Amino acid sequence: MSEPILQLRAVSKSFGAVRVLHDVDFTVRAGEVTALVGDNGAGKSTLVKCVAGIHPIDGGEILFNGEPVTIHAPADASALGIEVVYQDLALADNLDIVQNMFLGRERGKPWLLDESDMEQAARRTLASLSVRTVTSVRMPVASLSGGQRQTVAIAKAVLWDSKVVLLDEPTAALGVAQTRQVLDLVRRLAEQGLGVVLISHNMADVFEVADRIATLYLGRMVAEVPTKDVTHGQVVELITAGRSGELGLARPEAAGAGR
Amino acid sequence: MSNHSGGGDSPVDISKDAPAAETATTTSTEHPPGAAERAGPGGRQGDFGIDTTARTTGQALRDYVVRLRSGELGSLPALLGLLALFILFTALDRAGVFPSLLNLANLLQQGAGRTIIAMGLVFVLLTGEIDLAAGTASGLAASLMALHLVSGGNMLGAMGTIVFVLFVVVMLAAAALAAYLRMWWAVALSVLAALLLVVGFPQNAWLEMLLAVCVGVVIGVLTGFLVAKVGMPSFVVTLALFITWQGVILQLIGDGGTLGLRDPVINAVANGNLSTLGSWLLFVVGAGGYAAVLLNRQRTRLAKGLVAQPTGLVLLKIGAVVVLGAVATYLLTRNRSAGITEIAGVPYVVPVVLVLLVAGTYVLDRTRFGRHVYAVGGNREAARRAGIDVVRIRASVFVISSAFAAIGAIVYSSKVGSVSPAAGGGNTLLFAVGAAVIGGTSLFGGRGRISNAVIGGAVLATVENGLGLLKQPAAVVFVITGLVLLVAAGVDVLSRRRSASAGR
Chain Y
1 MSEPILQLRA VSKSFGAVRV LHDVDFTVRA GEVTALVGDN GAGKSTLVKC VAGIHPIDGG
61 EILFNGEPVT IHAPADASAL GIEVVYQDLA LADNLDIVQN MFLGRERGKP WLLDESDMEQ
121 AARRTLASLS VRTVTSVRMP VASLSGGQRQ TVAIAKAVLW DSKVVLLDEP TAALGVAQTR
181 QVLDLVRRLA EQGLGVVLIS HNMADVFEVA DRIATLYLGR MVAEVPTKDV THGQVVELIT
241 AGRSGELGLA RPEAAGAGR
Chain F
1 MSNHSGGGDS PVDISKDAPA AETATTTSTE HPPGAAERAG PGGRQGDFGI DTTARTTGQA
61 LRDYVVRLRS GELGSLPALL GLLALFILFT ALDRAGVFPS LLNLANLLQQ GAGRTIIAMG
121 LVFVLLTGEI DLAAGTASGL AASLMALHLV SGGNMLGAMG TIVFVLFVVV MLAAAALAAY
181 LRMWWAVALS VLAALLLVVG FPQNAWLEML LAVCVGVVIG VLTGFLVAKV GMPSFVVTLA
241 LFITWQGVIL QLIGDGGTLG LRDPVINAVA NGNLSTLGSW LLFVVGAGGY AAVLLNRQRT
301 RLAKGLVAQP TGLVLLKIGA VVVLGAVATY LLTRNRSAGI TEIAGVPYVV PVVLVLLVAG
361 TYVLDRTRFG RHVYAVGGNR EAARRAGIDV VRIRASVFVI SSAFAAIGAI VYSSKVGSVS
421 PAAGGGNTLL FAVGAAVIGG TSLFGGRGRI SNAVIGGAVL ATVENGLGLL KQPAAVVFVI
481 TGLVLLVAAG VDVLSRRRSA SAGR
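Chains as they are written, first to last, in the UniProt record's numbering: chain Y, 1 to 259; chain F, 1 to 504.
For the record, the hints were derived by calculation from the structure and aren't laboratory data.
Please read all numbers here as calculations on a predicted model, not as lab measurements.
Be careful, since some hints might not be right.
Unchecked claim - Pulled a few chain F residues facing chain Y out of the computed Cβ check, cut under 8 Å:
{"#": "1", "residue": "Q298"}
{"#": "2", "residue": "G377"}
{"#": "3", "residue": "A383"}
{"#": "4", "residue": "A386"}
{"#": "5", "residue": "G468"}
{"#": "6", "residue": "K471"}
{"#": "7", "residue": "Q472"}
As the list claims (entries may be wrong) - DEER-style ranges, computed between Cβ atoms:
{"#": "8", "chain 1": "F", "residue 1": "L443", "chain 2": "Y", "residue 2": "D114", "range": "27 to 35 Å"}
{"#": "9", "chain 1": "F", "residue 1": "R497", "chain 2": "Y", "residue 2": "D114", "range": "35 to 43 Å"}
{"#": "10", "chain 1": "Y", "residue 1": "D25", "chain 2": "F", "residue 2": "T361", "range": "22 to 30 Å"}
{"#": "11", "chain 1": "Y", "residue 1": "D88", "chain 2": "F", "residue 2": "L443", "range": "44 to 52 Å"}
{"#": "12", "chain 1": "Y", "residue 1": "G146", "chain 2": "F", "residue 2": "V487", "range": "52 to 60 Å"}
{"#": "13", "chain 1": "F", "residue 1": "T244", "chain 2": "Y", "residue 2": "D88", "range": "47 to 55 Å"}
{"#": "14", "chain 1": "Y", "residue 1": "G16", "chain 2": "F", "residue 2": "T244", "range": "34 to 42 Å"}
Every residue, glycine too, gets a C-beta built ideally from N, C-alpha and C.
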């Protein structure tokens with residue numbers, strides 16, 4: 001088992017009176033794909049946004065390579081090598097593919113951007129993802145299809161020398177062939193030694209690529225288990241009920257005695 | 001959503017794959033390879049290689065037609081409209097005044113002030129905001145400039161102690177706010193505004209114009225802080241400030257008063273002309289610079305195998321600019337006066353507008369700041385997640401807008417020769433917004449260029465000037481101008497709908 005590259009310990013987050021994350025522990029290991037599953041509203045996206053620096057955490061700590069780190073802003077996360085592909089992709093429609101991929105981290109001087117360097121790097125990255133059907137890296141994102149946008153968003157995240165990549169529902173909007181490509185890419189990223197977090201509702205995808213499965217239930221981390229130790233049915237039970245046999249939340253009667 | 005782009009407009013020769021892929025793989029950069037590059041299996045460079053090869057002019061034209069059909073009209077409707085208006089007014093104006101050189105030069109000078117305000121507004125519109133106060137802000141800048149000129153530098157005496165102290169306090173507060181938002185240029189110019197006021201330099205046209213621009217910056221900082229940091233809707237903030245500045249102007253000038261601008265330098269801004277030699281120098285620098293920039297970019301892009309326009313098209317563009325520039329310069333350097341005094345040379349407003357146009361376009365296209373302005377307008381949340389300081393960008397565009405408005409104010413005040421309490425009020429702002437929109441800037445943010453404002457400003461100036469020469473009453477001028485704006489906004493919406501239905 002490889003070293004944990006990113007660890008969350010007892011992380012809490014509230015929005016006003018609503019507590020979205022309750023003391024969540026979560027571990028991402030380099031070279032592994034960790035699937036983060038849970039029902040709608042379980043706190044998956046909030047967890048991702050906390051790691052990405054969009055939402056500051058209220059309690060608990062985040063460790064990166066064993067060192068405690070504070071992530072207050074998206075720039076902090078990217079400085080650590082944490083990249084996120086959001087569910088809504090976070091692309092600016094009016095900018096072209098190259099401009100989107102380098103958004104916020106443009107190369108060149110602030111008063112004179114190095115367009116040719118950015119364009120070449122963007123093209124190399126997209127080519128390595130074997131992207132088809134896009135005629136030009138200078139096309140505005142507005143003119144791309146849903147699958148093409150997803151690819152651009154992923155390419156944007158892996159363009160950098162990233163250590164951890166979090167993918168929020170990357171295959172939800174994709175067709176069969178593009179889902180295939182994205183899952184292949186997810187595996188390749190892990191084989192290269194990156195820590196990959198895959199958020200997905202699709203159990204087939206999760207069981208295909210994930211090494212470990214972490215389940216959130218109503219803001220609590222109920223189980224973090226190797227994929228080979230659980231069955232499809234158990235994971236579904238964990239997602240919907242928060243427990244499955246010995247796994248997950250303690251039963252109410254056991255809770256009185258156990259805790 | 002149909003995959004329009006994938007199948008529709010890809011008239012690219014696949015056989016060009018191989019050399020392009022070579023270019024992509026053999027080019028080395030100083031940056032370490034990204035994760036995907038390491039993860040990706042080799043030898044799959046083909047898919048994105050196709051766009052490295054330059055298209056032929058024919059393909060480019062065909063692509064352009066496809067883009068037009070799918071709704072990306074840009075400035076084309078405004079340019080066609082401008083052409084139609086010129087033909088229309090030339091035909092209708094039996095006296096032949098409209099197409100006369102004197103009138104065309106006059107038209108440039110009339111429209112310049114408003115056009116400059118519109119150029120600044122483009123920055124605000126790009127972020128999806130509106131600056132309703134740009135008009136009266138420009139008036140305020142102009143009235144401070146005029147007050148200084150008229151009072152011979154004694155601002156304290158001209159304003160009264162209370163108003164003077166208030167002005168200095170507000171300027172210093174603006175400097176502090178700008179520092180809080182980390183807009184260092186705005187800090188410097190706000191402090192400079194306060195200094196210019198406090199030091200009390202003797203009457204000097206250049207320093208007075210500088211004061212006007214600094215006042216514009218101060219106003220922009222206040223607006224930007226309220227919109228970007230406090231988070232009030234820009235419509236409300238600038239509506240309130242629109243009324244406020246009108247009151248301040250009235251306080252400075254006095255009800256019914258007028259401040260005359262009797263200074264040769266300020267008067268020359270909108271009424272003077274370059275010498276014949278200066279005019280031709282402007283042509284050489286302008287057209288030569290344009291050609292040099294375009295050719296240099298074309299050369300580097302082709303050499304590095306990047307997306308490039310066809311060389312034929314680039315040469316065509318350069319040729320058009322050179323020929324049109326030469327013709328315009330030749331005509332404007334001839335004596336166009338109907339009377340005894342000779343009037344010749346390119347009006348000063350032309351280089352002023354050109355410099356602002358080039359600077360603004362450069363900032364938007366080539367700098368990190370400009371890229372972030374577009375990103376904030378296109379998807380503010382994405383910009384925030386990308387680590388862009390959205391607050392700073394949104395505040396900065398208001399500073400730029402107000403500073404441009406102040407420059408516009410110098411030009412239009414110079415044209416009129418005086419500053420009245422109505423300066424910058426009334427329709428000034430709405431016409432400027434109209435100019436930007438007619439030129440193709442979208443009110444929804446994210447789409448537009450500085451050149452849009454220039455083209456739109458030319459359309460509005462032509463309508464006003466032409467109808468005036470046809471002896472039409474103000475009623476007709478307003479109605480027609482309104483309809484032109486309506487058509488322009490309609491084209492914007494329809495083209496958006498078109499591009500939405502084209503699978504985008």
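Consistency of the hints with the structure:
1. Q298: It is violated, given that the least Cβ distance between F/Q298 and chain Y is near 12 Å, above 8 Å.
2. G377: Constraint on F/G377 satisfied, holds at 7 Å.
3. A383: Given a least distance of 7 Å, the restraint on F/A383 holds.
4. A386: 3 Å, holds
5. G468: 38 Å, violated
6. K471: 44 Å, violated
7. Q472: Cβ of F/Q472 sits 39 Å from chain Y, so the hint is violated.
8. F/L443 <-> Y/D114: 27 to 35 Å: Given about 32 Å between the Cβ atoms, the range holds.
9. F/R497 <-> Y/D114: 35 to 43 Å: The hinted range 35 to 43 Å holds for F/R497 and Y/D114, with Cβ atoms some 37 Å apart.
10. Y/D25 <-> F/T361: 22 to 30 Å: 52 Å, violated
11. Y/D88 <-> F/L443: 44 to 52 Å: 24 Å, violated
12. Y/G146 <-> F/V487: 52 to 60 Å: Taking Cβ atoms as reference, Y/G146 and F/V487 lie about 34 Å apart, which means the hint is violated.
13. F/T244 <-> Y/D88: 47 to 55 Å: 39 Å, violated
14. Y/G16 <-> F/T244: 34 to 42 Å: The hint (34 to 42 Å, Cβ to Cβ) holds, given that Y/G16 and F/T244 are roughly 35 Å apart.
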